[in-house]
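Novice: Quick note, the sequences are listed as chains A and B, same order.
FYI, the numbering for the first sequence is 1 to 118, going by the numbering used here.
FYI, the numbering for the second sequence is 1 to 342, going by the numbering used here.
No wet-lab data here; the hints were simulated from the structure.
Certain hints may be false.
Stated by the list, open to error - One-sided excerpt, in silico: chain A residues whose CB lies under 7 Å from chain B:
| no. | residue |
| --- | --- |
| 1 | F10 |
| 2 | A21 |
| 3 | L23 |
| 4 | V29 |
| 5 | R30 |
| 6 | N39 |
What the hints assert, rightly or not - No more than 30 Å apart at the CA atoms, straight line, and that leaves these computed lysine-lysine pairs for DSS-like:
| no. | chain 1 | residue 1 | chain 2 | residue 2 |
| --- | --- | --- | --- | --- |
| 7 | B | K85 | B | K57 |
| 8 | A | K38 | B | K57 |
| 9 | B | K85 | A | K36 |
| 10 | B | K322 | A | K112 |
To be verified - Per the computed footprint, the stretches of chain A lying under chain B, defined by three or more beta-carbons under 8 Å from a beta-carbon of chain B, are:
| no. | segment |
| --- | --- |
| 11 | 11-18 |
| 12 | 40-54 |
| 13 | 62-71 |
| 14 | 76-87 |
| 15 | 90-104 |
The structure presented is a predicted model; accordingly, all values stated were derived computationally and were not measured.
Even glycine gets a Cβ: it sits at the ideal position worked out from N, Cα and C.
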Amino acid sequence: MLTDYAFVAFFIFFGIFFVAAALIGAWFVRPSRPGKLKNDIYECGEVTRGTSWVQYNVRFYLIALAFVVFDVEAAFLFPWAVAAKKLGLYAFVEITIFVAILLVALAYAWRKGGLKWA
Amino acid sequence: MIVHPVLSWLKDWWVGIVETYGLPTWFVPAAQMVVNAILIAGFIAVLVLFLIWLTRKVSAHIQQRLGPMRVGWHGCVQTVADALKLVQKEDTTPRDADRPVFNIAPFLAFAPTVVAFVVIPFGDGAIVRDLNIGVLFLFAITTINVIAILAGGWASNSKYSLLGGFRSAAQLVSYEVPLILSVLGVIMLAGTMKLGAIVEAQNAMWFVVYQPLGFVIYVIAATAEVNRTPFDIPEAEQELVSGFNIEYSGMKFAMFFLAEFANMFLVSAVAATLFLGGWKGPWLPGEFWFLAKSFAIVLLLMFFRWTYPRLRVDQLMSFAWKFLLPLAFLNLLVTGLILVLM
Chain A
1 MLTDYAFVAF
11 FIFFGIFFVA
21 AALIGAWFVR
31 PSRPGKLKND
41 IYECGEVTRG
51 TSWVQYNVRF
61 YLIALAFVVF
71 DVEAAFLFPW
81 AVAAKKLGLY
91 AFVEITIFVA
101 ILLVALAYAW
111 RKGGLKWA
Chain B
1 MIVHPVLSWL
11 KDWWVGIVET
21 YGLPTWFVPA
31 AQMVVNAILI
41 AGFIAVLVLF
51 LIWLTRKVSA
61 HIQQRLGPMR
71 VGWHGCVQTV
81 ADALKLVQKE
91 DTTPRDADRP
101 VFNIAPFLAF
111 APTVVAFVVI
121 PFGDGAIVRD
131 LNIGVLFLFA
141 ITTINVIAIL
151 AGGWASNSKY
161 SLLGGFRSAA
171 QLVSYEVPLI
181 LSVLGVIMLA
191 GTMKLGAIVE
201 AQNAMWFVVY
211 QPLGFVIYVI
221 AATAEVNRTP
231 FDIPEAEQEL
241 VSGFNIEYSG
251 MKFAMFFLAE
261 FANMFLVSAV
271 AATLFLGGWK
281 GPWLPGEFWF
291 LAKSFAIVLL
301 LMFFRWTYPR
311 LRVDQLMSFA
321 WKFLLPLAFL
331 NLLVTGLILV
341 LM
């Protein structure tokens, strides 16, 4: 069990090492001649105006909120799914109620235009 | 059936060394870790080179072109040449970029992909570690990709990459939900989240037979997860030039590219494992069947890419929330009902 996660930890380390090795390896062979024009942001030849870090549309935030709701729900559904056969009808009815409540939330968001993209 | 004997032979050899020289016992798993990691990294590198060549060939032939022909037989070492070129490319950083975040993004893009390969069963016993939370681990680790895309798009301080990054993040999180819900049916049938055990549970019949709707939802959502057409809004060459990664060049760009193609294989491999019986198959070794099934899904994704037009961004979002999500819930509840009543 602990060995399993030692493997996972090692793979995380190895993944980072892999990228670092590739970047450092390329650093030895690649040229590095930064210039004023070269370091400009690429916007199809137009001169950039102002920063890009501006306020953005609120709909992204709504989507993120809806995602959090349903992703947390999925986290609750996983343990039930593993034991669904053993738990039987009672647990199934409970999960149906749980899902139904969230579907009401989805219907509410839908109705209120939270899912609209225009 | 090919990989497992080699690995167990290696393990026996290390155990022998540990006993002869009186080394501590953690030496054996440590050696296994290093060898497994190198095998996986080598596999990913070769796989991506091959996949890029395959993409170019398939796209060319669908459009009645020949594609790369000059370097090697039918251009088969073209991608090696491309990789060598990328290594020598200057690595520019935009002047106004948020440098720390800009540099971390390639790590966040590629490292999770390597980690996700830990739970992929390549064949009988050819799995790095069969974690008991396998499927959950897989989805948890691959979702980190969203942060990489958002970080890359934001840190470049370019309007195109910011738009691409936000759209991409919105799309990825939207399709994440039906993707996760579609595999719950398989977990319910198998009664476990271990990928190796899920393959074993498909001894009699592939799960695609019991979960046809789940499979269709999974493939659609997976196509969106790896940003393939008809869901390639984040890239959208004609409007956003390249999306979140325009400002990246050289090896940093290569890391995003590597992660994208490795992820494409990863979702296909997961589809093959969960729905198509993984490495199970007659006569030939399991590794062959695993790769054959995975590549069948990869080719399906490629055919999608070169056959369908791109969806508009509002169509894309409403398709995920108003169609796929209710359908995935329906699949979940129907599967649960049948399972409980049987």
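Novice: Go through the numbered hints given earlier and state which of them the structure violates, listing their numbers in rising order.
Specialist: 2 and 8
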